[in-house]
Amino acid sequence: MNVLIDKFDVFAGGFWLTLQICVLAAIGALILGAVVAVLRISPVPPLRAVGTGYVNVFRNMPLTVVMFFAAFGLPALGSNADFLRVPGLEAIFSRLDTDLPYFRFALIALVLYTAAFVCEALRSGVNAVPAGQAEAARSLGLTFGQNLRYVVLPQSWKASIVPLGSVIIAMIKNSALIGFFGVVGDLSATADQLTGAEGYAFIPVAIGISIGYLIMTVPLGALLDRIEKRQAVAR
Amino acid sequence: MSQQTVLYDVPGPRQRRITLVSSLVATVLLLVGAYFLIYRPLDAKDQFSMELWGPLVDPSNENFSLVWDRIGLGLKNTLTAAVLAIISSLVIGTALAVLRIQLKSLTRRRFTGLATPVSYLLRGLSVLLSAVTRVCVEVFRGLPVVITIFFVARGFPEFGITFDTLWYLVIGLTIYNSVVIAEILRSGMEGLPGGQGEAAAAIGLSPAQTTRMILLPQAFRIMLPALISQLVVVLKDTSLGFIISYEETLNIGKQIIGALGNPIQVYVVIAVLFIAVNYSLSKLAQYVQRRLSRGRKTAATAGQTAPPAALMSQSEANGTGI
Numbered sequence: 001m002n003v004l005i006d007k008f009d010v011f012a013g014g015f016w017l018t019l020q021i022c023v024l025a026a027i028g029a030l031i032l033g034a035v036v037a038v039l040r041i042s043p044v045p046p047l048r049a050v051g052t053g054y055v056n057v058f059r060n061m062p063l064t065v066v067m068f069f070a071a072f073g074l075p076a077l078g079s080n081a082d083f084l085r086v087p088g089l090e091a092i093f094s095r096l097d098t099d100l101p102y103f104r105f106a107l108i109a110l111v112l113y114t115a116a117f118v119c120e121a122l123r124s125g126v127n128a129v130p131a132g133q134a135e136a137a138r139s140l141g142l143t144f145g146q147n148l149r150y151v152v153l154p155q156s157w158k159a160s161i162v163p164l165g166s167v168i169i170a171m172i173k174n175s176a177l178i179g180f181f182g183v184v185g186d187l188s189a190t191a192d193q194l195t196g197a198e199g200y201a202f203i204p205v206a207i208g209i210s211i212g213y214l215i216m217t218v219p220l221g222a223l224l225d226r227i228e229k230r231q232a233v234a235r
Numbered sequence: 001m002s003q004q005t006v007l008y009d010v011p012g013p014r015q016r017r018i019t020l021v022s023s024l025v026a027t028v029l030l031l032v033g034a035y036f037l038i039y040r041p042l043d044a045k046d047q048f049s050m051e052l053w054g055p056l057v058d059p060s061n062e063n064f065s066l067v068w069d070r071i072g073l074g075l076k077n078t079l080t081a082a083v084l085a086i087i088s089s090l091v092i093g094t095a096l097a098v099l100r101i102q103l104k105s106l107t108r109r110r111f112t113g114l115a116t117p118v119s120y121l122l123r124g125l126s127v128l129l130s131a132v133t134r135v136c137v138e139v140f141r142g143l144p145v146v147i148t149i150f151f152v153a154r155g156f157p158e159f160g161i162t163f164d165t166l167w168y169l170v171i172g173l174t175i176y177n178s179v180v181i182a183e184i185l186r187s188g189m190e191g192l193p194g195g196q197g198e199a200a201a202a203i204g205l206s207p208a209q210t211t212r213m214i215l216l217p218q219a220f221r222i223m224l225p226a227l228i229s230q231l232v233v234v235l236k237d238t239s240l241g242f243i244i245s246y247e248e249t250l251n252i253g254k255q256i257i258g259a260l261g262n263p264i265q266v267y268v269v270i271a272v273l274f275i276a277v278n279y280s281l282s283k284l285a286q287y288v289q290r291r292l293s294r295g296r297k298t299a300a301t302a303g304q305t306a307p308p309a310a311l312m313s314q315s316e317a318n319g320t321g322i
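Residue numbers (the numbering used here), protein chains in the order written: chain A, 1 to 235; chain B, 1 to 322.
Everything labelled a hint here was simulated from the structure, so no lab data went into it.
Glycine residues also receive a C-beta, built at the ideal position from the N, C-alpha and C atoms.
What you were told as hints is all true, and nothing was included just to trick you.
To spell it out: a stretch of chain B is covered by chain A in this simulated footprint if at least three of its residues, at any positions, have a beta carbon under 8 Å from a beta carbon of chain A; those stretches are:
(1) 12-24
(2) 146-155
(3) 230-237
(4) 261-275
Kindly generate the complete structure, drawing on both the sequences and the hints.
Next up, the structure:
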């Protein structure tokens, strides 16, 4: 069990990096997912088709394929994903000692993939609002914007918070894949490094890595269960 | 189209005109955007040349049959792993669900008629077992599948147990998915009206018979859409076999790219294959869901209720694995 104590900083660093990419990817996916959801419920057919196509493509493709596209397809086009180097993100990227583009590739893949699921969660929330609510709002003379702001979105938010949370939990778990795509130092890459090259005993390392992921996923899941139970009573 | 009715009124002539005009504008904008943002960069790097696409789409190319032979092998391996994982996780998941339900009912039993210490011992034991299974489920549900597969592939040889890589992949997938399926089935069984189990007990069925003949069939029926979307997840997850160098579709794709140097083209073909299979499976799930909800309406006298919305959303959300 010594490896857990000796290499505690390695585990903590892996946890920290995984947490960073998860937070970044969650923010990106929520924004992109909201955009796609707006496209999917827009009244203009071509935009709706784009949204539907996006969701169908990314929901039915393994994340591994998206990762391969990002990690090997973008370089083939001569892009290093430098367009992500905006000031705020730059500070986080530069935290990595070796400034490899893989962190950015992994981030792009996670955001693109998760956004499809975020879109579906948001859309199912809007669809869960009874049609009578919006009709009543319209007959009161609310404009489209007012209707959304005061009637539809507050209710759809309630219906989509639990699915959204499940999507984020799934994304945290999916982020384990990045360690196998050249991102150095996240939890899964740490597992590979410690048990493979450095030859530590398997069980303690496995326990340490598992704790790292469970710290993130289990409390979130418990929180969601609570929210769900409270909503079930409220209904 | 259902979302239309929530947010928008039925369009009148003026609204229809606006929609038509904005559709045309949007189409033109999208096409122009696609040309400048997608076609031009790809064309600038010569990604549309026959040299790169030829081995994949042109039957007269010398590599065509070789490439598709390899892809066929990859597909076969992917499907083998997926089918094995699906069958074993269904079997183990069902067993786990039944076990958890039974243990939960055991913890409520008071074991009267036995000596006090014995009954306390039995009660403690059943509470303990129930807690252990609960913890196992939470742990394996909270771990990423990649990590589970990786642990299996690294851990088993450590203890001197070695298999073919296929079995590492199948075991890793089974561990994760059987737990998820167990949770789906358990919530299906707990969502059933309590009268079902009580009526079965009243006509003298044993707990095992009640589970087998009354609870499980209904749980499967209610949760069928969720189960099918879980199958999509398993199929997608087999692509993780590449991390333990199992020869599935993606790994083969990597070899082809190594030989021919056309990553974008090969990944497009693989993505299309995956999307075709998974899209039809998702459509099947939707169809089954519609069938089931229709059946429930006509058989309203049977007193069946739809599973609570919370259960459905939870099981659907489970379908968001890798």
